[in-house]
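Peer 1: Mind docking chain B on chain A? Use the hints.
Here the protein sequences come in this chain order: A and B. The opening position of the first sequence corresponds to residue 4 in my numbering, with each subsequent residue numbered one higher. The opening position of the second sequence corresponds to residue 4 in my numbering, with each subsequent residue numbered one higher.
The hints are simulated quantities; they were obtained by calculation from the structure and are not laboratory data. A couple of the hints might just be wrong.
Intra- or inter-copy, both count: the list cannot distinguish identical chains.
With a cut-off of at most 30 Å between alpha-carbon atoms, the simulated DSS-like pairs for lysine-lysine come out as follows [said to hold, decoys possible]:
id, residue 1, residue 2
1, 36, 96
2, 383, 51
3, 383, 96
4, 6, 90
5, 380, 250
6, 36, 90
7, 379, 406
8, 94, 36
9, 250, 36
10, 169, 268
11, 216, 36
12, 380, 169
13, 255, 27
14, 255, 36
15, 42, 6
16, 64, 27
17, 94, 415
18, 383, 42
19, 250, 27
20, 36, 384
21, 344, 380
22, 216, 27
23, 395, 42
Number of protein chains: 2
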Amino acid sequence: MLKIALVGVGTVGAAVADILRENKSVITARAGKEIRVVKGIVKNPNRKRDGVDFPLSADYKEATDDPQIDAVVELMGGVEHAYEVVKAALKNKKAVVTANKALLAYRRYELEELANGVPFMYEASVAGGIPIVRALRDGLGANHIESIRGVINGTCNYMLTRMFEKRVSFDRALKEAQELGYAEADPTFDVGGFDAAHKLLILASLAYGIDAKPEDMLIEGIGHLTDEDIAFAEEFGYTIKSLAIAKKRGDKVSLRVHPSFVSRKDMIAKVDGVMNGVSMIGDMSGETFYYGAGAGGRATASSAVADLIAIARGETSPMLGFRRANERQLSVARKDEIESKYYIRVLVEDVAGVLAQTAAILASRDISIETVLQRKKRVKKEWANLLLSTHKAREVDLIAALKEIGALAFVKSPPVMLRIES
Amino acid sequence: MLKIALVGVGTVGAAVADILRENKSVITARAGKEIRVVKGIVKNPNRKRDGVDFPLSADYKEATDDPQIDAVVELMGGVEHAYEVVKAALKNKKAVVTANKALLAYRRYELEELANGVPFMYEASVAGGIPIVRALRDGLGANHIESIRGVINGTCNYMLTRMFEKRVSFDRALKEAQELGYAEADPTFDVGGFDAAHKLLILASLAYGIDAKPEDMLIEGIGHLTDEDIAFAEEFGYTIKSLAIAKKRGDKVSLRVHPSFVSRKDMIAKVDGVMNGVSMIGDMSGETFYYGAGAGGRATASSAVADLIAIARGETSPMLGFRRANERQLSVARKDEIESKYYIRVLVEDVAGVLAQTAAILASRDISIETVLQRKKRVKKEWANLLLSTHKAREVDLIAALKEIGALAFVKSPPVMLRIES
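For reference, chain A alone in the conformation it holds in the complex (with noise of 0.2 Å):
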């Protein structure tokens, strides 16, 4: 038998404990043995809870300490109080299953050494119910990643799909995304890109060995997108996702989280509401895609309890997907080091030369228009919106044109910009 505690005894804690009793017959079986729950750890071990057949108590040490316990399933969230507890548990050889984000975007390679050797795994910190860590970390294990994109937070997608199908408003989506649970009250870290961030982090480790922190990266949130973006971008066939991106270029990985403009063929522009899916690019296996349940208590914990079962069958697959480091080091490119197609929007005074000067402006940094199109605001006559897609450019020259184009006379507010993905 395969004794565990979980710490952490809410929506995901008290799935995995339903999984366990619910399919014990199949999971034994996969696994060999029985895995019970033996023990949970909750700030008060008094309030009554359905479905709570072990004993409860509040002191992280009763599982971390209990030598009949094999394994500890922290899902508390946050970073400080569950590396204490985590590490608690490995340095007693204690096997340890999280479903943490936050604790590996920032402790990850901290808690490889700890681990040692000591099963850790965490297949249910990213993507809810989809098996991507081990398809990464095992799957492609040939393969030199070249990209990763991954629609891999619900509510983002949530609130774009629904601006999207139903032409609603940011502040709409967002109040609906609340409404239904998909939202915090405060959606910050979600729709600011954080989120997603701390995924990518995991998901890059895996990918290419690659030690970053949150504060390396780009990240750009869903909150300034207006309906002359969504119409433009229909009208063009594409649609608009927040994408968590690694790129992989030579030695050099960009890592990014921002709203882009995907193409509407891709696998990766069919994932809608509060699904995830993720497509890697193998140079062997070529693209691959994984979609499904992102988030939800029972497909968040189908994911723990897998990594249970791996750990009653013995797994020995490395931590972070590497047994030694590689030889090719990768670094991670600094975040103004991207060449992308770009969506432009300016809003303007809708007067002559408008158009030949901004387009001089982006000549003159190498930058080449690929699509225009203007449209009047309708509550104010005499302004316009110009809507411009480019070709590949650098992002610091598209960056330096963007200011001097906000510079002039007829510019009415600073323009904005939107990557194209192809």
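Peer 2: Positioned in the frame of chain A, the structure of chain B alone reads:
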């Protein structure tokens, strides 16, 4: 170092050697040791081959009986001889990697017994570069798998995509597939559904622990599809895919391969051309979906090398996903124990009472009609195609009704039926 022998150095075998050479540094870092091809077994060792930097022999015993060799990679195909080779390797405690779906379709449980804990891996046998075996064996281990639906034959899918997108005929689509190298000179194995059936049996073992043979399955090819079927599908929001389906109801699992109407909103409907896609619904995970290249030397070899990395790391997952028999034994449903929605095409003389009599026969068997369409034949104007879709019905009832309908005086050829997946 993990020393391997390739038994079979064709497209996939050569690609395995290429990948191990080209991606040596990253593979060594992930596996913890170098993986090196030290021998190849081929029919004619004297033929000159590009990129072969290891000794060749015609005698498989030089692979299976050589004490320096740790793992044998079987890439010959076929059942009997491959079984002999693999058996010899396992007897000498050598790990085995294979891409041979026919071998597994017929002999997987014997092989599991022979292996008896020696690693036996076959990621490359289903869906090429998509790590679908791992997803099912490891990632979804906490779940009862409610259904598997796979587009896992690239030849059929290429042809169906062409028939839909360009309205080319079956014969034309087949000729194109043959010219592009996607179909064999004798296409029966692919187009008849047998290749997909072999792959489905492997997935069904991982999901359900079920020992079945191709003979136990309902297998239908795509050869009887016509323009009318495709037009009807388009009109009502469907596409047609050759699906490999496993569905659990109670303790029975239905296993089948046949062309199916699929809603265009379904992820599986978005798998076009030679690509593969598999949707799996777990009782806890919900739907997860996997997409990628289902064939091609490098994609298939990418999966075989992933297996070698796992072996180098000390793989401990059970070959067919179960460490011991599940208490709740499942069994294969009879071929006609199907409930589905159906599409029916009947060629009729265009006279009064045709629809009334057809509808009466269906009603007498409790089959209710969802939509009806009648299309005059262009060439023979006094004939028409009567196209129907039904609500959910029992297949035994439907088959009986079609037999009765086929016997009506105004019916000009045996009615054709396709299942609608919903």
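Peer 1: Hint by hint, note whether the structure agrees.
Peer 2: Structure-based check of each hint:
In this homomeric assembly, residue 36 and residue 96 come within 30 Å of each other (Cα to Cα) both inside a single copy, at 20 Å, and across copies, at 25 Å. Proximity of residue 383 to residue 51 under the C-alpha cut-off of 30 Å is found in neither arrangement, the shortest distances being 60 Å within a copy and 76 Å between copies. Within a single copy, residue 383 and residue 96 get their C-alpha atoms no closer than 68 Å, and across copies no closer than 80 Å, so neither meets the 30 Å cut-off. Taking CA atoms no more than 30 Å apart as the test, residue 6 paired with residue 90 passes inside one copy only; the shortest distance there is 19 Å, against 37 Å between copies.
Taking the shortest alpha-carbon separations for residue 380 and residue 250, neither the intra-copy value of 37 Å nor the inter-copy value of 54 Å comes in at or below 30 Å. Proximity of residue 36 to residue 90 under the C-alpha cut-off of 30 Å is found in both arrangements, the shortest distances being 26 Å within a copy and 29 Å between copies. In this assembly of identical chains, the alpha carbons of residue 379 and residue 406 lie at most 30 Å apart only when taken from the same copy (23 Å versus 65 Å across copies). Taking the shortest alpha-carbon separations for residue 94 and residue 36, both the intra-copy value of 25 Å and the inter-copy value of 27 Å come in at or below 30 Å.
Taking identical chains as interchangeable, the C-alpha atoms of residue 250 and residue 36 lie at most 30 Å apart only when they sit on different chains, with a minimum of 27 Å there against 41 Å within one chain. Taking the shortest alpha-carbon separations for residue 169 and residue 268, both the intra-copy value of 20 Å and the inter-copy value of 17 Å come in at or below 30 Å. Proximity of residue 216 to residue 36 under the C-alpha cut-off of 30 Å is restricted to the inter-copy arrangement: shortest distance 29 Å between copies versus 38 Å within a copy. For the homomeric pair residue 380 and residue 169, the shortest alpha-carbon distance inside one copy (21 Å) is at most 30 Å, but the shortest distance between copies (42 Å) is not.
With identical chains, the CA atoms of residue 255 and residue 27 are at most 30 Å apart between copies only, with a shortest distance of 19 Å across copies and 46 Å within one. Taking CA atoms no more than 30 Å apart as the test, residue 255 paired with residue 36 passes between copies only; the shortest distance there is 25 Å, against 44 Å inside one copy. Taking identical chains as interchangeable, the C-alpha atoms of residue 42 and residue 6 lie at most 30 Å apart only when both belong to the same chain, with a minimum of 9 Å there against 45 Å between chains. In this assembly of identical chains, residue 64 and residue 27 lie within 30 Å of each other by CA distance solely inside one copy; the values are 27 Å within and 44 Å between copies.
For a Cα distance limit of 30 Å, the shortest separation of residue 94 from residue 415 qualifies neither inside one copy, at 60 Å, nor across copies, at 78 Å. Taking the shortest Cα distances, residue 383 and residue 42 never come within 30 Å of each other, neither inside one copy (65 Å) nor across copies (76 Å). Taking the closest pair of Cα atoms, residue 250 and residue 27 come within 30 Å of each other only across two copies (21 Å); inside a single copy the shortest separation is 41 Å, beyond that limit. Taking CA atoms no more than 30 Å apart as the test, residue 36 paired with residue 384 passes in neither setting, with 72 Å inside one copy and 69 Å between copies.
For a Cα distance limit of 30 Å, the shortest separation of residue 344 from residue 380 inside one copy, 26 Å, qualifies, whereas the shortest one across copies, 50 Å, does not. For a Cα distance limit of 30 Å, the shortest separation of residue 216 from residue 27 across copies, 28 Å, qualifies, whereas the shortest one inside one copy, 39 Å, does not. Within a single copy, residue 395 and residue 42 get their C-alpha atoms no closer than 56 Å, and across copies no closer than 47 Å, so neither meets the 30 Å cut-off.
The structure fails to meet hints 2, 3, 5, 17, 18, 20 and 23 from the earlier list, while all remaining hints are met.
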